[in-house]
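Engineer: Use the sequences and the hints to build the structure in full.
Chains as they are written, first to last, in my numbering: chain A, 2 to 335; chain B, 2 to 335.
None of these hints come from the bench; they were simulated from the model. We treat Cβ as the ideally placed atom computed from N, Cα and C, and that holds for glycine.
In silico DSS-like cross-links for lysine-lysine, where the CA-CA straight-line distance does not exceed 25 Å:
1. A:Lys45 <-> B:Lys45
2. A:Lys40 <-> B:Lys122
3. A:Lys122 <-> B:Lys40
4. B:Lys27 <-> A:Lys40
5. A:Lys40 <-> B:Lys40
6. A:Lys45 <-> B:Lys27
Okay, the calculated beta carbon distance ranges per label pair:
7. A:Thr262 <-> B:His182: 55 to 61 Å
8. B:Asp63 <-> A:Arg236: 36 to 42 Å
9. B:Glu101 <-> A:Ala323: 38 to 44 Å
10. A:Glu189 <-> B:Ser181: 56 to 62 Å
11. A:Glu116 <-> B:Glu192: 49 to 55 Å
12. B:Gly43 <-> A:Met21: 27 to 33 Å
13. A:His310 <-> B:Glu202: 48 to 54 Å
14. A:Glu100 <-> B:Lys319: 32 to 38 Å
15. A:Glu116 <-> B:Glu286: 48 to 54 Å
Listed here are the chains, written in short residue letters.
Number of protein chains: 2
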Amino acid sequence: MVRLAKLGEFGLIDLLNKNMLYDPEKVIAGIGDDAAVLKPPGTKWQLLTTDMMMENIHFRLDWSQYYQVGYKALAVNISDVAAMGGYPSHAVVSVGIPEETRVEDIEELYRGLKEMACRFKVNLVGGDTVKSPGPLVINIALMGEVEEGRAVFRSGAKPGDLIYTTGFLGTSAAGLYILSHNGDYPVELKEKVIRSHLLPEPRVAAARILSELEGVTALDDNSDGLAAELREICRASSAGCLIREKSLPVLPEVEQLACLTGRNTLDWIMDGGEDYELLFTLRPERQEYIENALGKEGILYKAIGIITHSSEGMVLEKEDGAKETILLQGYSHF
Amino acid sequence: MVRLAKLGEFGLIDLLNKNMLYDPEKVIAGIGDDAAVLKPPGTKWQLLTTDMMMENIHFRLDWSQYYQVGYKALAVNISDVAAMGGYPSHAVVSVGIPEETRVEDIEELYRGLKEMACRFKVNLVGGDTVKSPGPLVINIALMGEVEEGRAVFRSGAKPGDLIYTTGFLGTSAAGLYILSHNGDYPVELKEKVIRSHLLPEPRVAAARILSELEGVTALDDNSDGLAAELREICRASSAGCLIREKSLPVLPEVEQLACLTGRNTLDWIMDGGEDYELLFTLRPERQEYIENALGKEGILYKAIGIITHSSEGMVLEKEDGAKETILLQGYSHF
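Structural biologist: Here's what the structure looks like:
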């Protein structure tokens, strides 16, 4: 077991830099100088996003392996790039490391990062490694690309547009609930929801299709819970929405765990967040094209409601037909 | 006095986003969507760097105002872009904030950031604001640009090249010493060195001149102390160096403070770091052009030594003519 103090900062950087590969079409110089040097993307627009993940706020090391922390830290940034209709290109990674951390653990964190980077063709071109007097902190800044004029914003939704989500909702929140509450739940129920929480899958392939598809008017990733993301789209688009509870896609495992734990799947969907599915709106006359675009590629999607006028607010139609206002209870720091 | 808990995360983001201006030639969409959308830089190469600043490791709030923390966090990133010969373009800022922090303090931090951003034409296009269960953490990722083929690496120095620095060395380390040791030192001595430590000035103007000047073979910023930066250039260039102690530029205030505190200016220069001056090498036949390039613009610079063969190692010629090996005692995390 090697403690970081023994290896030193430069030893750590050398270790992490080992076997780092770059796309020579994109990277002139990666790690090793004051800044990375990148080739310009031609006429493509560029995307830039950043996320900070803080121990005991965003993850806990008694629930998450270091590998998973690294994997997820990059995954959530890739999801932000996907949510603009783009694909990722380059990342820089800063890690604040408590002094007594084992070198093996940081290698594991980087193994998760590098695996995600390889899968999504992200060049890890730089970073910073510092000591933390408190929690483990990992910050990633990610660049991405999208064809000129093809970025999909939150602001284009119009009354009458259909609201869709990819995949299933509430899965990650169910996983977090299981991780954070003791209880003897069946493995076949737990496995998928815990995986969804710890190793989320950014929906780049779906996002790329949606950025090419005419009539997609708004796009967002479902990172903060459905209620918060609907509010983002409605606010940016000066619109309201009507969501049908019976249309919300939920895994049977999540339904069963809600039943076993006495929780409510609707709360997990609305306020849980971290599903990293794509929420998008589509002009109604383009409805017939969506199956050919997404379904044919094996991408799950579901219409969950409709954009309305802003004066109508954000409304949930319950299974019994009753209507209620969608309130924001999603996670907020501070 | 408003605590963050009262304002909430979204209130904080709205507050910080207020009056944010972007260069419309470069930014299609800034803060407010999943990622910023940027126009491509034509044929220019792009630079990307990141730095994490951690409370009680890189700064202390009993010595630094929040304004200074924000200012310096961006300044050190700009210095990294300058050290490649480039100029900064876009930044994303993540802040991990202890729960009991006052909103006014975070506004002050952003005031320092925005002031630096305005001065150096940096578009602050995104960020992340999270709760910290420990120290205040600020991470910046900065993009920059440099004309195609004009980036200056650390790796181009050849034996016979002259070694130069801009400005003065050891100033920031003297400032840190005064901040961290009690003592009744004259204000006229303290002021400049403390300012140098808390509000460093990135040398973008000098860097831009050097990236245009033929014969500049290596460039670095002096962030980790002269010994560490010489090692970076020598390692990357497979070279050695000879530095003349009597040529090292030191402010008279620093000399006097060294005398008063019983410290050694050479230690401050070699191991102190954070001067953010530029260290560069120049082909000897281009010596006569440097005065016209830098001196004419009012930029201070000084020849401090010469690049040698790697077999000669890194050598310091003392004032009495004796030679000694330059050892690395610079700051290392862990």
